Amino acid sequence: MQCTKCAEKAVYTGQGQNFCKNHFINYFENKVLRTITRFGLFAPDDQVCVATSGGKDSLSVLYMTMKYCREHHIAFFALAIDEGIAGYRDHTLDDLRLFCTQYDIKLEIVSFKDRFGDTLDNIREKGIEKNKKPCTVCGIFRRTLLNREAKRLGATKLATGHNLDDEAQSFLMNTLLGNMSHNASLGPITGLNQNDKFVPRVKPLYFISEKESRLFALLKGFKVEFNECPNIGLSFRATVRDEINAIESKLPGAKNGIVNAFLEILPELKEKYRAEKSRHTFQYCKRCGDACSGEICNACRLEEELCRKETVLRNSKE
Amino acid sequence: MNIFIEKENKRLALAKHAIRVADLLLDLGIKDSTVIVVKNGTVVLEDELLEQEDDIQILSVVSGG
Ligand code: SF4
Ligand SMILES: [Zn+2]
Ligand SMILES: [Zn+2]
Chain A
1 MQCTKCAEKA VYTGQGQNFC KNHFINYFEN KVLRTITRFG LFAPDDQVCV ATSGGKDSLS
61 VLYMTMKYCR EHHIAFFALA IDEGIAGYRD HTLDDLRLFC TQYDIKLEIV SFKDRFGDTL
121 DNIREKGIEK NKKPCTVCGI FRRTLLNREA KRLGATKLAT GHNLDDEAQS FLMNTLLGNM
181 SHNASLGPIT GLNQNDKFVP RVKPLYFISE KESRLFALLK GFKVEFNECP NIGLSFRATV
241 RDEINAIESK LPGAKNGIVN AFLEILPELK EKYRAEKSRH TFQYCKRCGD ACSGEICNAC
301 RLEEELCRKE TVLRNSKE
Chain B
319 MNIFIEKENK RLALAKHAIR VADLLLDLGI KDSTVIVVKN GTVVLEDELL EQEDDIQILS
379 VVSGG
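So the protein sequences, as listed, match chains A and B.
Each residue of the first sequence is one higher than the one before, starting from 1 at the first, in the numbering used here.
Each residue of the second sequence is one higher than the one before, starting from 319 at the first, in the numbering used here.
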């Protein structure tokens, strides 16, 4: 197959077009830059924190944010969370350190162990609540830490590597579970209400599929080892991901279709749930002061649960 | 041909004269939207013909969690 734009051999085919290496890189970069401008993801006075892990999406989003920010003189840095998953996160963090040195990017790494007292592996070992999967704990702690640390470091935006596949999955997961209010917080800029405790999250890779992201990383020569978290198989997301990929194989463009359909209803969803939310006054966690919907936030509730478990374990040994 | 499947960290030696990428993926039960196929160090598409002496890598595009 030949590139639609030149005589070179194509390495990519999608939406009726074929691209060679150079034309694919162009296409990819333009798509991301257009997403940044279309949704106004970054402003001149922003201080951008890029949430990274060392995986392909996070290196691609870091590279593209760097490209945009350096050109527009916007301050940015990288932040990584080390959950403490042996044989997985340690490898991706090595890839990340190398990347940041190579491109001269400031990198901050904070760990569950430092901030919450233990690694995810150990937390899992202790088996907090029986009905709680490691991904629930991981997700709550990671989300909380990203926000807290970004805030602490002075960030006004938090850029994440969420891609088209992630968005299609989240939308379907929420829909299957009947959680339409959760869908209202998705989109290229997440969150419903502005709040000084919450750093707005933006998704420059919003229209980039997983396949495009990996291809970009590969063609740009980013060192990304394939690495899968040992816990992934346990997640509902993995099931939905496999189903969507099965549909995409039979109906190319389905992922785009899902996300574009979602974007059409998003403004109404946001309006509906914003109105509903603003009827409740905002609450702040009694323990850490973060914005939350109850008395204490999810992360603090988990931390307290962990503490209790620890005491029980200690007492049972004595 | 020598085939490396990244997701399973598995190596196969396949005794096939020639096969198209699309058919190879079908045989292996792998969905096209989840992988990138590399032949002798170059990314190739579904219609590419793979031959006996080729070195094939099947890279996974799904993210790790
Ligand atoms: S798969 Fe689950 S445990 Fe692993 S990194 Fe993702 S959310 Fe965390
Ligand atoms: Zn070309
Ligand atoms: Zn709290």
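Incorrect hints may have been included.
Here are the simulated DSSO-like cross-link-like pairs (lysine-lysine), alpha carbons at most 27 Å apart as the crow flies [as the list claims (entries may be wrong)]:
#, chain 1, residue 1, chain 2, residue 2
1, A, Lys-220, B, Lys-334
2, B, Lys-349, A, Lys-106
3, B, Lys-325, B, Lys-349
4, A, Lys-133, B, Lys-357
5, B, Lys-325, A, Lys-223
6, A, Lys-220, B, Lys-349
7, A, Lys-220, B, Lys-325
8, B, Lys-349, A, Lys-113
9, A, Lys-106, B, Lys-328
10, A, Lys-286, B, Lys-357
11, B, Lys-328, A, Lys-31
12, A, Lys-21, B, Lys-357
13, A, Lys-151, A, Lys-5
14, A, Lys-106, A, Lys-31
15, B, Lys-334, A, Lys-9
16, B, Lys-334, A, Lys-223
17, B, Lys-357, A, Lys-5
18, A, Lys-151, A, Lys-21
19, A, Lys-286, B, Lys-325
20, B, Lys-325, A, Lys-21
21, B, Lys-357, A, Lys-126
22, B, Lys-334, A, Lys-31
23, A, Lys-133, B, Lys-334
24, B, Lys-349, A, Lys-272
25, A, Lys-67, A, Lys-113
Since the hints were derived computationally from the structure, they do not count as laboratory data.
On a predicted model such as this, the values are computed, not experimentally measured, just so you know.
Practice item. Could you check the structure against the hints above and give me the numbers of any it violates, in ascending order? Key: Numbers 1, 2, 4, 8, 9, 10, 11, 13, 16, 18, 19, 21, 22, 23, 24, 25 - these are the hints that the structure violates, sorted from lowest upward.
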